[in-house]
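**Student:** Let's have the full structure, built from the sequences with the hints guiding it.
Those protein sequences? They're chains B and R, same order as listed. Note that this note's numbering numbers the first sequence so that position 165 is 165, with each residue one more than the last. Note that this note's numbering numbers the second sequence so that position 207 is 207, with each residue one more than the last.
If you are wondering where the hints come from, they were derived from the structure by calculation, not from laboratory data.
Cβ-Cβ distance ranges computed for the label pairs, FRET-style: (1) B:S10 / R:R262: 39 to 47 Å; (2) B:S87 / R:T173: 21 to 29 Å; (3) B:E80 / R:W44: 34 to 42 Å; (4) R:R262 / B:L154: 52 to 60 Å.
Listed next, the stretches of chain R that the computed footprint assigns to chain B, with coverage defined by at least 3 CB atoms under 8 Å from CB atoms of chain B: (5) 29–40; (6) 46–57; (7) 169–179; (8) 190–203.
Residues from chain B that face chain R, not an exhaustive set, calculated with beta carbons under 10 Å: (9) L24; (10) W28; (11) V40.
Backbone N, C-alpha and C define an ideal beta-carbon position, used for all residues, glycine too.
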Amino acid sequence: MRGPYLAIVSARFRMLLQYRAAALAGLWTQIFFGFVLIMVYEAFYRSTDRPQPLAFPELASYVWLGQALLATLPWNADPEIRAMVRSGAVSYELCRPVDLYSLWFSRALAWRTAPTLLRSVPMAVFAMALLPWLGLPEWRLAPPAPLAGLCFALALAAAIALSCAISTLVHISLLWTVAGEGIVMLLTAVVSLCSGLLIPLPLFPDAVYAVLRWLPFAGVADLPYRVYIGSVPPDELWLVLARQIAWTIVLVALGRHLIGRGIRRLVVQGG
Amino acid sequence: MHGLRLYFRYAAVSLRSQLQYRASVVMQSLGIFLITGVEMLAIWALFDRFGTVRGWTLPEVALFYGMISVSWSLCDAMARGFDVFGTLIKEGELDRLLLRPRSTVLQLLGHELTIRRIGRFAQGAAVLGYALSSLDIAWSVPKVLLLAASITGAVCTFLGLVVLQATTAFWTTETLEVWNAFTYGGVTMGQYPLPIYRWWFRGLFTYVIPLGCAIYLPGVALLGREDPLGTPVVAQWLAPLAGPAFLVLALAAWRVGVRYYRSTGS
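**Tutor:** This is the structure we're talking about:
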């Protein structure tokens with residue numbers, strides 16, 4: 001029964017890979033943003049002698065990871081699904097002989113990974129190799145320690161699964177709200193604040209961080225990035241994975257429950 | 001009809017049509033308020049941890065933040081027509097605009113006055129209000145005028161950027177996203193005082209895209225503190241003029257584009 005979903009992922013994936021020019025433009029914009037952010041942090045770091053939870057080079061790597069992997073974060077809703085729900089084309093989705101939750105999860109998976117693949121590789125090359133050559137070695141994305149890199153790969157895979165579970169949940173919520181502007185904007189605000197996208201989570205006041213690290217949003221960015229830079233040592237990887245996987249299971253279960261109820265009460269505005 | 005009156009007519013029509021979806025407008029405005037609001041939370045967290053940023057305090061940074069956010073929200077509300085300009089070109093819609101006996105710029109500005117940007121405006125104004133209430137600025141009529149000139153200058157600079165972005169579409173048909181680095185990047189850059197950046201970055205946002213002239217320099221004059229970059233006070237007071245100058249240059253480029261324009265036809 002795995003066949004159709006793999007096919008969906010790969011078809012969507014190949015389709016999304018077509019937008020190369022958009023990816024290039026996005027790449028430039030994100031490099032620019034990376035520069036601005038790093039300069040701002042650099043200024044803050046030079047304003048105090050107190051030791052910080054992340055050293056500056058670690059922070060620079062954290063920023064580049066965030067820019068490179070931006071598309072993996074569940075901060076927006078698939079415009080195609082939004083259009084489908086609004087136009088009523090979502091009824092075609094119900095006709096397909098596949099499980100709707102798995103279908104939408106597969107779509108989310110392709111949507112979260114294909115643009116990332118296009119963007120993150122050149123971004124990593126730039127931030128890792130080109131920056132030192134441009135005379136900005138302290139701003140670069142430092143290559144990870146071999147073991148940390150391996151752990152990062154695992155944590156990133158779990159992060160993407162978690163991110164897709166959140167995205168799919170949001171897509172399901174569109175069945176109730178139709179336009180869904182409110183919930184998507186709320187999501188953008190919460191995800192950017194709580195995942196580490198706006199500022200690395202360890203830079204929050206310690207009491208705030210103590211709460212944020214247990215929320216699902218930490219699992220999509222902050223935790224894997226900190227595994228990469230070594231701020232979470234490899235022997236604590238299991239804790240990170242446990243948190244990510246536990247949240248994924250909870251959110252998938254919630255999504256499956258809601259999608260059943262959503263379909264039962266769905267009214268397609270036909271014509 | 002006088003150009004300005006026509007613009008107000010356009011704006012009124014646009015407002016009325018958006019208000020047909022009142023709940024959606026309210027929701028989107030609140031959403032934008034929230035999204036930009038969490039940005040301020042992040043800045044607050046940084047100051048909580050680091051104290052100052054190279055000697056600048058949170059209320060001082062809030063002044064720059066408020067000024068640039070208010071300016072950007074005003075530009076963003078007016079510039080919707082330029083935002084969707086790529087689509088207008090692709091679908092041949094521009095031909096219709098060219099047939100009318102009014103300038104394309106006026107018609108594109110009249111395309112929409114986007115209400116939901118009020119969310120960002122309100123957030124910027126709130127931050128600005130916080131800054132002005134916690135800073136000890138000796139207010140005078142010239143200083144109030146300088147604040148207004150600074151925001152006007154920044155709105156002009158942003159409009160200039162948006163016009164340039166649309167201008168490239170005459171050649172590429174697609175509006176190029178690469179300009180977003182300068183608009184959105186400029187917004188982020190302008191939230192902090194210019195001296196915290198590297199020299200080449202300061203140069204870019206002073207001499208090429210004069211957002212630093214429009215926000216930072218008059219901001220320093222408002223604060224009444226000495227500029228670490230050593231600019232004379234006169235320059236700080238005259239700097240907002242760079243905004244309109246930039247817009248005039250951008251409009252000149254636009255006119256070249258209009259003359260070059262060949263319809264995609266259909």
